[in-house]
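Engineer: Read off the chains here:
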Amino acid sequence: MKKTIRIDPVTRIEGHAKVFINLNDDGTLENAGLVVNELRGFEKILIGMEADRMPHITARICGVCPTAHHIAASNALDNAAGVKAPPAAMLLRELMYMGHIIHSHSLSIFVLQGPDLVMGLDADPAVRNVVGIVQANPELARIALRLRTIGQKINEMVGGRGTHPVTSVAGGITFVLDQEKKKIIQEWIDEARAMLPAVVPAVKGLLLNALDKHPAMLHDWVAPSWGLGTVLDDRVSLIEGKLRAIDETGATRIEFGVEDYDKYLVESVVEWSYMKKVHFNMNGMHEYRVGPMARMNAMRRFGTEMADTEYAEFVKLGGSPCHLTVFQTYAKLVETIWAIERADEIINNAAVWGETRVPVTFKGGRGVGHVEAPRGTLIHDYEIDDRGIIRAANLIVATQQNYAIINRSIEQAAQSHVIGKTDDATLLNAVEFSIRCYDPCLSCATHAVGRMPLEIAITRGGETVKTIRR
Amino acid sequence: MPTSNRRTIIICIGNELIADDAVGFEIYHQLAGCNARLEYCGVGGIDMLPLLEGETDLIVVDAVQLGAAPGTIHVIPWNLLPGGSNAISAHGLGLRETIEIGNLLYPQVMPEHITLVGIEGRCFNRTREYMTGDVQDAICTAVNTIRELI
Chain A
1 MKKTIRIDPV TRIEGHAKVF INLNDDGTLE NAGLVVNELR GFEKILIGME
51 ADRMPHITAR ICGVCPTAHH IAASNALDNA AGVKAPPAAM LLRELMYMGH
101 IIHSHSLSIF VLQGPDLVMG LDADPAVRNV VGIVQANPEL ARIALRLRTI
151 GQKINEMVGG RGTHPVTSVA GGITFVLDQE KKKIIQEWID EARAMLPAVV
201 PAVKGLLLNA LDKHPAMLHD WVAPSWGLGT VLDDRVSLIE GKLRAIDETG
251 ATRIEFGVED YDKYLVESVV EWSYMKKVHF NMNGMHEYRV GPMARMNAMR
301 RFGTEMADTE YAEFVKLGGS PCHLTVFQTY AKLVETIWAI ERADEIINNA
351 AVWGETRVPV TFKGGRGVGH VEAPRGTLIH DYEIDDRGII RAANLIVATQ
401 QNYAIINRSI EQAAQSHVIG KTDDATLLNA VEFSIRCYDP CLSCATHAVG
451 RMPLEIAITR GGETVKTIRR
Chain B
1 MPTSNRRTII ICIGNELIAD DAVGFEIYHQ LAGCNARLEY CGVGGIDMLP
51 LLEGETDLIV VDAVQLGAAP GTIHVIPWNL LPGGSNAISA HGLGLRETIE
101 IGNLLYPQVM PEHITLVGIE GRCFNRTREY MTGDVQDAIC TAVNTIRELI
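Here the protein sequences come in this chain order: A and B.
Counted the way this note's numbering counts, the first sequence spans residues 1 to 470.
Counted the way this note's numbering counts, the second sequence spans residues 1 to 150.
It is worth saying that the hints were derived from the structure and are not from the lab.
Note that beta-carbon positions come from the ideal geometry of N, C-alpha and C, so glycine has one too.
Some hints could be false.
What the hints assert, rightly or not - Only part of the chain A face toward chain B is listed, based on derived beta-carbon distances under 10 Å: (1) Pro-66; (2) Leu-107; (3) Asn-129; (4) Ala-141; (5) Leu-145; (6) Met-157; (7) Thr-174; (8) Lys-276; (9) Lys-316; (10) Leu-317; (11) Lys-363.
Said to hold, decoys possible - One side of the interface only, derived from the structure: several residues of chain B facing chain A at Cβ under 8 Å: (12) Ala-36; (13) Leu-38; (14) Glu-97; (15) Thr-127.
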C-alpha cells in the first residue's frame with residue numbers, strides 16, 4: 001500500500017512552498033523535495049524600465065534582503081556603464097551592507113531558528129515559535145532583537161530607508177557621512193560589540209544542546225557538496241571580489257569574475273516547481289551550496305580578531321570544509337561577529353570621507369554585478385540599450401543555488417525523523433527545521449510579487465494516506 | 001483615561017509597488033496632518049516595535065486577506081487577530097505575534113489599545129497599476145474610519 005502524508009501549515013511566508021516526501025511501497029524513501037508554485041515575474045517587470053531605477057525597484061523583490069538586491073543592482077549598473085564607484089562609495093555601500101547582515105542574521109538565528117533551538121524540535125508547535133522563545137528566554141530575546149534593530153538602524157542611516165534602501169546608485173552612493181552620523185553609528189557598533197560576550201555562547205549552547213538531543217543531525221544530516229563564495233585576498237568579502245568555487249574536499253577548483261557566471265552556473269527547469277535550480281558546470285554538473293557556511297568553506301580568514309577566533313572554534317567543532325546542515329546557524333553567528341567588527345573598521349577608515357559618486361552614462365551593453373546576500377551569492381545581469389533602458393534581466397538568487405542541497409537535506413531529515421515514525425509533530429518539525437537551516441527566500445527565488453502559503457505532502461507509492469494540518 | 005491624555009501612533013504597512021498591498025501606503029499619504037504620529041513600514045512584523053514611544057493607542061493599517069469581499073474594511077482589536085505563526089521563512093511574523101513579543105519585552109512602550117484597520121485585498125501578484133477597483137474605492141472610507149478612531 002502506498003502512502004501519502006500531506007502537511008498544510010498555512011503560514012504567512014513569502015512564497016508558496018510545498019514539500020513532498022515520496023515513500024516506496026516498502027516504506028523506504030523514494031525521493032523528497034521542495035516545490036515552489038509561484039510565478040516567476042520580476043525579471044519581466046524590469047524590461048522597459050530605466051536602468052538607473054534598478055537599485056530601487058529590485059530592492060522591492062524582498063522585504064528581508066532588500067539591501068542585497070539594492071547593492072547587487074548598483075554593482076551591475078557600474079559594470080554596465082564601465083565605471084568604478086569611488087573607494088568611499090564602496091566603503092559606505094559595505095557599511096550599509098554590514099548593517100543589513102547584522103539585521104538579517106539576527107532575525108534568522110533568533111526569530112526563525114531560535115524557536116527550534118530554544119524550545120527543541122520536539123516542543124509543541126503552539127509554543128515553538130518566536131513568542132515561545134521570548135517567554136522561555138526573555139533576556140536573550142531582548143538582546144537579540146536589539147542587535148537586529150542596531151543592524152537595521154545602520155542600514156537605514158546609510159541606506160536612507162531601513163527596509164527598502166534608496167541611496168546606492170549607479171556610480172556610487174548619495175549618502176553623505178558627517179561627524180554627527182559617524183558618532184551615532186560608532187555608538188551603535190560599540191553597543192553591538194558589547195552584546196557579543198552574551199550572545200555568542202548562548203547561541204552556541206543552544207545549538208549544541210539541540211545536537212545532543214538529536215544526534216542524527218550530526219551524523220546523518222551531512223551534505224557534502226561543492227561550494228561558492230566571494231573572496232578578496234583570501235578573506236570573505238560580501239560586495240566585491242572574485243567568486244571562488246570549491247569542491248567537497250575544500251579544494252579551490254576555480255576563481256572567476258561575476259561577468260563569467262554563465263560559463264559555470266547553469267539554470268535548469270524542473271517540471272514540479274517554478275523555481276529553477278542551478279548547478280555548477282565544470283567537468284560535469286555539480287550540486288553546490290551558497291550562503292554563510294559556503295563562504296566560510298571558500299575563504300581562508302575573516303581578517304578580524306573576534307571572528308577569526310570564533311571561526312577557529314567553528315572548525316574544531318564542524319571541520320573544514322564543513323558540510324553539517326545545522327551548522328549554518330553557527331556560520332551565521334560567526335558572520336554576525338565579523339559584520340560588527342568590519343563595520344567598525346569601515347567607519348574608522350579615513351578613505352570613507354572621500355568622493356562618493358562618479359558620472360554615469362549608459363552607452364548600451366551588458367552589466368553583471370553581484371553580492372553575497374545573507375543567504376548566498378546573488379547575481380544581477382542586465383542588458384541595457386543606448387538610451388539606458390533595460391532590455392533583458394536575469395537574477396540568480398541564493399535559494400535557487402541551494403535548491404539541490406535543500407532537497408538533499410529534506411531527504412536526510414525524512415530518513416532520520418520521518419521514516420517509520422508515527423509522531424506527526426516531530427516529523428513536521430524535523431523537515432521544516434532542515435529547510436530553515438537554509439532560510440529559503442521563496443519570493444526571491446521565484447522573483448514573485450505576491451504572498452503565498454506552505455504545503456507539505458508525503459506520498460507512499462503515489463497515494464495519499466495521511467494529511468496533517470497545523 | 002481622559003481623551004486629552006491619549007496619544008496615537010498610526011503605522012501603515014505595505015509594498016507601494018504591489019497592487020492591493022499598496023493600500024497602506026496610499027492611506028499613509030492621505031492621513032498626513034492627522035492628529036497622530038504617522039509612520040510607514042514597508043514590511044510589518046518586528047520592525048514596528050522600535051517605532052513605539054509609549055503612545056496609548058496604536059492603529060495598524062494594512063491590506064489583509066480574511067476572505068471578505070475586496071475593499072471590505074475590517075476594524076479588529078489585536079487580541080482577536082488570528083495567530084500561530086510557524087514559518088519556514090523569515091517573512092513569517094504577523095501582527096499578533098509582534099504585539100505579544102512587544103508586551104513581553106517592552107511593556108513600558110506598548111500601547112493600551114491596539115487596532116488593526118485591514119483593507120481586504122485580492123490582487124497581490126501584480127504591480128501597483130492593477131490595484132483592485134473596490135480596494136481603490138475603499139481608501140477614502142478607510143481614512144475616515146481611522147480619523148474617527150483617533
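Engineer: Interface hint check: Pro-66 (chain A), Cβ to nearest Cβ on chain B, cutoff 10 Å. Holds or violated?
Structural biologist: holds (8 Å)
Engineer: Would you settle whether the hint for Lys-316 (chain A) is holds or violated, based on the nearest Cβ-Cβ distance to chain B being less than 10 Å?
Structural biologist: violated (29 Å)
Engineer: For the hint on Lys-363 (chain A), just tell me whether its beta-carbon gets within less than 10 Å of chain B.
Structural biologist: Nearest chain B Cβ about 29 Å off; hint violated.
Engineer: Once the shortest beta carbon distance from Thr-127 (chain B) to chain A is found, is it less than 8 Å?
Structural biologist: holds (6 Å)
Engineer: Does Leu-145 (chain A) pass the interface hint, meaning its C-beta sits closer than 10 Å to a C-beta of chain B?
Structural biologist: The hint holds - Leu-145 (chain A) has a Cβ within 10 Å of chain B, the shortest such distance being about 7 Å.
Engineer: When the nearest CB of chain B is found for Leu-317 (chain A), is that gap smaller than 10 Å?
Structural biologist: violated (25 Å)
Engineer: Holds or violated: the hint that Ala-141 (chain A) contacts chain B, with Cβ atoms closer than 10 Å.
Structural biologist: This hint holds: Ala-141 (chain A) lies near chain B, its Cβ roughly 6 Å from the closest one there, short of 10 Å.
Engineer: Checking hints one by one. Is Met-157 (chain A) an interface residue toward chain B, by the C-beta closer than 10 Å rule?
Structural biologist: violated (13 Å)
Engineer: Double-check Glu-97 (chain B) for me: the hint is only fine if its C-beta lies closer than 8 Å to a C-beta in chain A.
Structural biologist: holds (5 Å)
Engineer: Using the nearest Cβ pair, does Leu-38 (chain B) come within less than 8 Å of chain A?
Structural biologist: violated (16 Å)
Engineer: Hint validation: Ala-36 (chain B) versus chain A, beta carbon distance must be below 8 Å. Holds or violated?
Structural biologist: violated (21 Å)
Engineer: Using the nearest Cβ pair, does Leu-107 (chain A) come within less than 10 Å of chain B?
Structural biologist: holds (5 Å)
Of the hints listed earlier, those the structure fails to meet are numbers 6, 7, 8, 9, 10, 11, 12, 13, in rising order.
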